[in-house]
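Enquirer: Single-letter residue listing:
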Amino acid sequence: MKVIETRILILGGGATGTGLARDLALRGIPCLLAERRDINAGASGGNHGLLHSGARYVASDAESAIECREEGAILKKLAPQCIEDTGGLFVAVEGDDEKYIADFQSMCDASDVPAHEIDIREARELEPVLSDKLIAAYSVEDGAVDPFMLSLDNLAQSVALGGQYLRNAKLIDFSKDNGRIQRSTFLDQTTGEQFAVEAEIVVNATGAWAGIVAALAGAHINILYSSGSLLITQDRITKRVVNRLRKAADSDILVPGGTVSVLGTTSVTIDSPDLCRPSVAETNSIIEDARAMIPVLDTTRYIRAYAGVRPLVLLGDSGDARNVSRNFSLIDHARDDVDNFITITGGKLTTYRLMAERTADMVCAKLGVDAKCTTRTEPLPPSTMGRWTEPGLGPKSWIQNRDADDLILCECEMVSRNAINAIVENMGGMHGNSILKAIGMRSRVGKGPCQGGFCGLRITGHLYDEGYVSEAKGIEELQSFVGRRWRGFSPILWGLPMVQADLQEALYCGALDLELHDDDDDDFTCEDA
Amino acid sequence: MIKDDTIYDVMVIGAGFAGMAAALFASAQGLKVVQTGATGGIDFSTGFIDLMGVHPMEEGKRWNSPWAAIDAAVKDYPKHPYALLKRDEIAEAIDTFTDFLAQNGLDYVGHSERNSRALTPAGTVKRTYRVPKTAWKGTLALESKAPTLFVDFHGLKGFSGKQLVETRKRNWPGLKTVRIQFPSGSGELYPEHMAWALADPAVREKLVAEILPHCDDVEYVGFPAILGLNDPQQVVAQLEELSGKHIFEIPTMPPSIAGPRLRAVFDRGLPVLGVRTLSQKMVTGVEKLGDGSFQFAVGSGAAASTVNAKSAILASGRFFGKGLRADRNSVSEAVFNLPVVQPGNRDEWHLHEFFDHKGHPVNMAGIEVDEQLRPLNAGQPVHDNLYAAGAILAHQDWMRMKCGAGLAIATAFKAVKAMKG
Amino acid sequence: MNFFDIGFIIASVVCAVGIVRRLARWCGKPTSEVSVSSLSWHRRLFLALKIFFLEILLLGRTCRTGRIRWLAHCLVFFGFMGLLLFHAMDDTITARFFPAYESTLDPWQFLRNLFGGMTLIGLALMVYRRVRLRSLRSLTRFQDWAVLLVVGGIILSGFLLEASKIMSPAVFDVMVYDYFIPEDGSDITALKAVWAKKYGVVFPEEISDSDDVFENGLSLNEDSCVDCHSDTTSAFISRPLASALHPLAPALNRSRADEVFWYLHISLCLIALAALPFGKFFHPLTTPANLMARLGRRDAAKDDVPSPAIRGLGIDACTRCGECSLHCSVGPAFSVLGNSNILPSEKLISLKGFESEASLSGQALEAFAEGSRICTECLRCTDICPSGINLQDLWMASKKAVSKVAPDSNQAIRLMEISERAAPFGECSLPPISGLADNKESYLACVQCTTCTSVCPVVAVSEDPSRDLDLLPQQIMNLLRMGLKEQTLGARMVWSCTTCYKCQEHCPQNIRVADVLYELRNTVATRLREGECADERDG
Amino acid sequence: MKGMDKPVKYAYFPGCKIPHHLPEYGQSVETVCAALGIELVPLEFNCCGWPMRHDNELASIFSAVRNFAVAEEAGLPILTPCKCCFGNLKYAESRLAEDGKLVVLVGRLLAQDGLAMPKSINVSHLLSVLDEQVGVELLQRQTATPLAGVKVACHYGCHALRPGNVTGFDDPLAPTLFERVVTALGAETVDWDLRLECCGHPLRGRDGVIAESLMRKKLENAASVGADIIATACTYCQLQFDKERDGLMLNDPLRKAPPAVLVTQLIGTALGLDASVLGMEKNCIPWRVPVLQDRTL
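The listed protein sequences correspond, in order, to chains R, Y, D and V.
Residue numbers for the first sequence follow my numbering, so the first one is 1 and each next one is one higher.
Residue numbers for the second sequence follow my numbering, so the first one is 1001 and each next one is one higher.
Residue numbers for the third sequence follow my numbering, so the first one is 2001 and each next one is one higher.
Residue numbers for the fourth sequence follow my numbering, so the first one is 3001 and each next one is one higher.
Since the hints were made in silico from the structure, they are not lab data.
Even for Gly, the Cβ is constructed at its ideal location relative to N, Cα and C.
Any given hint could turn out to be false.
Chain R is faced by these chain D residues, among others (derived, beta-carbon under 7 Å) [said to hold, decoys possible]: (1) 2233; (2) 2234; (3) 2444; (4) 2445; (5) 2479.
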């Protein structure tokens, strides 16, 4: 079995894991980052992409509010490529809690979160889709963040500084000795082979899976899995982030992101993070709730739904998931007699950097290394790995500097063949299994109205042409890609998406028989017609 | 609003396979036919005529004999629309339909009484009953595993010769592929435009010259379906003559030329039979008159008109054809607001896995009909002069059972027959 | 040299230079593709005579555009010609043919008033027409009023001159001094009595009204004056004018109003002479010349490509009557766009500027170019033109010329580099009316099937669509859906759309593809227009 | 020669291009309509607005609507022989119907010219009038010299046909009207792939390469199916297939491709009218009319 040695092994390629990899790399400690699926496969990719101003937490969690305000400001400054500084509104409609509205300003002031009341008419001029039943509006400094670009840029810098990244690497086991993890065994899901990693310190940044991973090391974390579903609209509905001005509840945030808007979320407790998927019931309830704030959400076309799991670390008694602290948990498993094992989980996308900083501080303390965190001042460099997640980059680069023989493969988002080649090249040797899904994660492919219905087939053909897949592999990739898109597509199938899905199924099943096993019936005899 | 004073014998609502077939059969019966419907179904078809390929769906079991498959399916699904037809009715329907296509220059061939295997652009193989003559050699090549060259083109996306070779090579030795520059035009290519270019015999010659150096050790040459707009047989014949190889077409993903070729046959052929076509118009309203006939409001804007017909055949398709509509709670029928048999709740409409063999329950939703193909409400025909045909019918999943075109043609045939009494 | 001589020489020189310049401009253009009509000489002669009588003397073509206009022109034409020939050129013409000619004798005195009166009535009708017709009023420019003012001024000053002479004792004194040898002082008194009463002179002193004196005066008048002076009552305008001015007479006489009016009258005449080759003043010469040159053709047959000189003559033959603009086929475009260059009469002025050495530039050039483009060459202006100008030919020639220096939006796009085409235009304050392109709902139903591109004949015949058209129809729709409109405006697909509507007709989801493409072109056209205006303002 | 039982009367809308650029169309329309008993009343219309639709939609629509107002004052429906004029007039009609804002804007402009917003709009293309008012039977009856043996490729032209829900001209995918009229004259129509494609003229002066390619494709296609002539019923299409084609190189084979003949020239020929009154000599690519058998002989 192949053994890889590294000082630090980070488990989990979400925002925290990649952020930590970068933080440590900047301190001169390159890491190996191993991910079961791919970057942002968990909650880092399953959230609003909202850069909180902090205003949402002023009532429930002043500490979070302050953290968000500070971290939001840092990210806007240091990672502008990942941020769209849209600004935000908090709006209340008839029937919303008047007391909460009345207290909002003072609560914001108390946490030093900038917020000022604006005229209702002005609010509706800023965002004409807002309900005519508006009764209060505040302007805040929310923004939108592209979590995929953020994680890819973090990862890219850590790799540039000597770090390593393995995807499709499923952790199977820890071997412990002497209260330390000696060796971590993985399964390479592309090749089916096992390999081992020996590290001085193992950091568990697996988010919602932190409890499961910790258990492998004999440690125990009590985590509540709170699944939240979100909906993506076909068009960008508002220019700004729009929050419902009320005590935090379901479906009260609409975040613009490039050419779309994201609406959510819900909070459903589930038994295992692997069970997380958006449901029809959640989809309906999100829309029914949100249309009071923005009526057009009732009739607009949705592109897909998706879900993420919030890992809520139970410190004491559990109750409603939303009442549990959103602050992150940094656990030194020395408490469980595993000395070189650290878990970081919980928290918010907005505060990922702070979580990485605190974790790195703990890692350094354990290593006895004296190195200061620089991510508070050091800009996050844009990377070629992350750039294709930007909506509009595909079309713009197609128009401005395309090669004569390039072709658009994804029509909805205008991702060209060359762009796809660039993305695959940036994956290095890691393209392996689920290459089509990996392309989707690193670009806009499959994110438009067709949901993979047309682009999937075109890109599969291209992967064959380039030799990235062979024999039946490409068809399997296509099936798995379309299957994955279906998780988010199926809950929103009514109206126009139903038409789209009907066409997709007619093509993939009616015409191409892709639902069936390959027809390799050799006893077929040939007769003349 | 244009008023058409003619009282038609039948209004055919829909211009997919079922609508076209219904218009054809009804006019052949001497009925005065008017037809409405937008582009849709037929334009996106592969050109194959499936009759019945898979049953039971959950096993994904394919059948060589469509007739045996129909029998098996009808046994398990007594309400399947095929249960309403006799075998010879189905056969007559398909034959009449393909005869009409042949008369208009689009021959269809297949094995007698059983399914053929056909290549799809994904490289998969499907079983289908009848294929266009220009694709037939592909079936022969596939079934005999003859050495074959797949040609694809720089600039034609979604069609990869390499993909065909890779997916098929395990059981089909002697496959090879070549990617060439299309002799007329470069950059982004579309099948329809390539077909335009091939109207020029000089372009055909150049095309053959391009491929000949790669043809040494093959018997068959497969092209994406681009070989001519409305006269593909002539183009294929000329290519065969020039190259000395067997030439065939493989359908491309939409927008392909196969669908528009079919559509063109009807666009030209139906008016000749006296069918009044109102292409691209949707029925926007319907009223039942005192004498039992229907008055339809058709189209919008300047082309809005009213049409009177003594009876109607609803062949408006499913969601893409706009015969069925889904809102967040239920599925409804768009023209007559007929009762739609459907799963209770939206979360029961679709399965968790897209490619689940069982098929999504909503695909079995649709209009339930009596033995005369009249839509039912609580077991009674809604109108005694309204019939339904095609994909809109309940208790079938044409996409998984592989029975789309055949079911459409056969039920249209039966509906016309029932109407004639 | 006196005032008149100096003035006349200067005016003549200005006039001559102006005419020479005009002729030079007509003839200076290189000749190309001139085709000569193949009429026989006797046919030409017949046509020439016919044109001369029917269209020049009787102003037949003017009659086609309206009775009032024709009447006004006839009155002015014949009145002014009468004055010119019998009065202004009396030394060279009248005196030669009528040795007994005296300007103060009848019929000349009467005729002068008649002609003057006719001219004035004609001018009044013209003013009335210009003021009353709204559309014509908006077309009327300085030079139209200038001609009316100068000609009207000449006539009015002439009448005032005559009236002031009639009542002037100073003039009387000069005449008495020159032609009358009084035997005693009473003769003067007697003559004054007659002239005061009969001829309307207003003497400062009290005039005897006794019959004896008057009788005496009459005979004296008979002997010395009537050979040269008809009764001023035949000056049926000047004499009543003098009577009307009676209360002012002493003051006018004191200040020698007759001399003032003489200077005014002569000055105006000289101005008219000097102005003759400029602007509208020239039309009384060029219009008949043009009618003769065109031999009465109303159409603009394609085999009739005139020489540059004839073209130049045509441009100068415009009387600015505005009839062409009143009947212009694309007049409604003027109502919406407000660019007067859309209307033929106004475009013709820009054409003169365009053809001059200074040429046009900036906004003026853009306006002219737009006017030229919008013209549909419907022939109506040419058909209606009372001066018989071959406007059709002028437009077809100038359209080509102006498009070379002022490209339209389509040409502008094609002249740009790919990178420039990406987002070439500033913001536009006027959103398009239909607003399809910006409305995301327009694309809501798109299922990405690319049928729009598949059926597009332009893409079909393009050698390399992505190279030659930049974007394909479905790509434009997707960019608009994503809110990237700026990226679409310069795409040649937008500009090479042949408007066949197949995309829209075949779309299974009823997306209005072709209408959206139309709107994108509208947007750019509006922005370019506004951009020009903004450049002009800023620069 | 006898026309229809009841006379029909239309305001004649020739459009801008006929007087100078295609007088043979105007001449043959007037002659044939007179012969068939269609009374054409000349009104002073302005441009239909199509040429300026690339620049400004409001100008285009106002132009069109102004014509409706003029026709309504005269109490006559409009007949136009040009498909582009027809298309744009219908487009304006549909835009007025869907956009109240536009009605106000246009109403204001009309008032400036002393016109009122028309209450009803009625515009037909010549072919529709021939088919619906005159009728195939009458055409057949009036045909003195049937065009027997003449193979005609009917060119539909885009702007009358599409978008079908705006123009309401014929079935936009499967039209039959033109063939009906032509076969009534005793001619034979041919089926051709590019029957419903664009002639390319709208791109003249905008994209000359594509304008010519489109024309070439159509001519080649018509020639390949053995058509003797291409029949047009649109000013612009005829300009493209006749006048613009005349600009091709002298040795270009497409000069020999089927000549374009105006539908009114065809009808006139079948009615036995003299070539000169149909402006036949003005066609740049001449149609050598075969010797036709007079029915009366």
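Enquirer: Hint by hint, say whether it matches the structure.
Expert: Structure-based check of each hint:
1. 2233: 80 Å, violated
2. 2234: Not OK, violated: residue 2234 of chain D not within 7 Å of chain R, min 80 Å.
3. 2444: 5 Å, holds
4. 2445: Since chain R brings a Cβ to about 6 Å from residue 2445 of chain D, closer than 7 Å, the hint holds.
5. 2479: For residue 2479 of chain D, the interface hint holds, since the closest Cβ of chain R sits about 6 Å away, which is under 7 Å.
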